[in-house]
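K.L.:
Residue numbers (my numbering), protein chains in the order written: chain A, 1 to 153; chain B, 1001 to 1254.
Derived by calculation from the structure, the hints in this document are not laboratory data.
You can take every hint at face value.
With the C-beta cut set under 8 Å, the calculated list includes, among others, these residues of chain A facing chain B:
no., residue
1, Leu9
2, Asp12
3, Val16
4, Ala17
5, Pro43
6, Ile48
7, Leu56
8, Leu59
9, Arg60
10, Trp61
11, Val64
12, Pro112
Using C-beta positions, here's what the derived DEER-type ranges look like:
no., chain 1, residue 1, chain 2, residue 2, range
13, B, Leu1038, A, Ile134, 32 to 38 Å
14, A, Thr21, B, Tyr1162, 30 to 36 Å
15, A, Ile145, B, Arg1076, 55 to 61 Å
Yeah, the Cβ is synthetic: ideal placement off N, Cα and C, and Gly gets one too.
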Amino acid sequence: MGILWLSLLARDLLQVAFSGTVLVPDLALLALVWLSVFRCEEPGSLFIHAFWVGLLWDLRWTGVPGMTSASYVLVTAVTAWVWSSLPPGRRTNPVLFFFWSSAAHALTSVFPAVFTSKGLGLSSSLATQQGMAIACVLGLTALYIRYRRSHHE
Amino acid sequence: MARTGTKIWIVFLGTLSLSLLLAAVSPGSLPAEKAMDLVERVMAVPEWPARMVRNLVLKTVDLAAGERSLRERIDRLEQENLALRGLLQTTINYAPGAGAGEGHVTLRPPTSWWSEIRIDKGSREGIRPGMAVVLDGALVGKVSRAESNSSWVELVTSSSLYIPVVVDETRDLGVLNGDGNGLVWLLYIPVEKDLKPGMSVSTALVSELLPPGIPIGRIAGAGEEIGGYRLYRITLKADLSRLYKVKVLTGGRF
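Can you make the complete structure from the sequences, with help from the hints?
P.N.:
See below:
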């Protein structure tokens, strides 16, 4: 679970460093997807960590406590449910992992605009964030392939 | 097995419900703002290296472009301009020792996008409630609450902020008020005054807290007439869609 809190800290530090220029990718969400995939049968404690990580982010950056935690809990639940429903052979599919992570990131990025019903628009910073997120997801998918191979799954 | 599944459902629904409840109830509440301030104070410690790197890069870029000296010059001219405008309106020495402190915007809640922002300067830097906050010399709001390391600024577009203003060309006095959705209106101007689009509006001396003569914007057009007074829509001089750094005018009557 340490990976989740570390990714939150990394995102926070990057957001401070790039404040006023770009939105950094949601590294905590990608870590959550990763953990949900590998703990899809037992996601109970993940929900609690997802909630606290999201709440901390909300208190630090969004100003709407509960908004990010709700999206994190939902992503954790849906990812765990989808992965546990897949036949064991399909779970190792890296293409599925890539598209799932990208879609989860894209959806949670627009979630605040939907949630507050005050859309911030498809700004260039949002597009840059998604571009950087795709690069991160590619790296994560490479890790995923490596991990699955090393564990002979 | 079934018990584990039930437990997972309970934890999922519990955390989700709590999140949604918080999101529905907490925005804008004082406990939530206190919690945000606390988190900012705590996170300031691990964030220190990132802030240092950012400031270092910004300073390097500023120096490379020769912008720093230009900014200082602009700051001096703004102060001088402010003092001269004040002198034009009154002989009262309004704000001896007034200065300007620059602050970064650290939070702009989406639910109160046009109402408030939080900046990373607070009472420790001499900031007090009521002080004027400007962007490129134009008023964007005033400090509503000052913590030790941060302050909340109520924006001119907020529906609860009323600012006494003067139309520079005619010296007519009125009150500026936002609608909470990005628009700003000039109130209490008698219908016979017939103000023209393009006329500039700045803060008036009648305010106890804001220095006089801070530019705010221009009249964009006339609105409806209510009880013998006409509303005028104001186009702000400051671009509130690009609020990253602001200046707080310290000093004044407090």
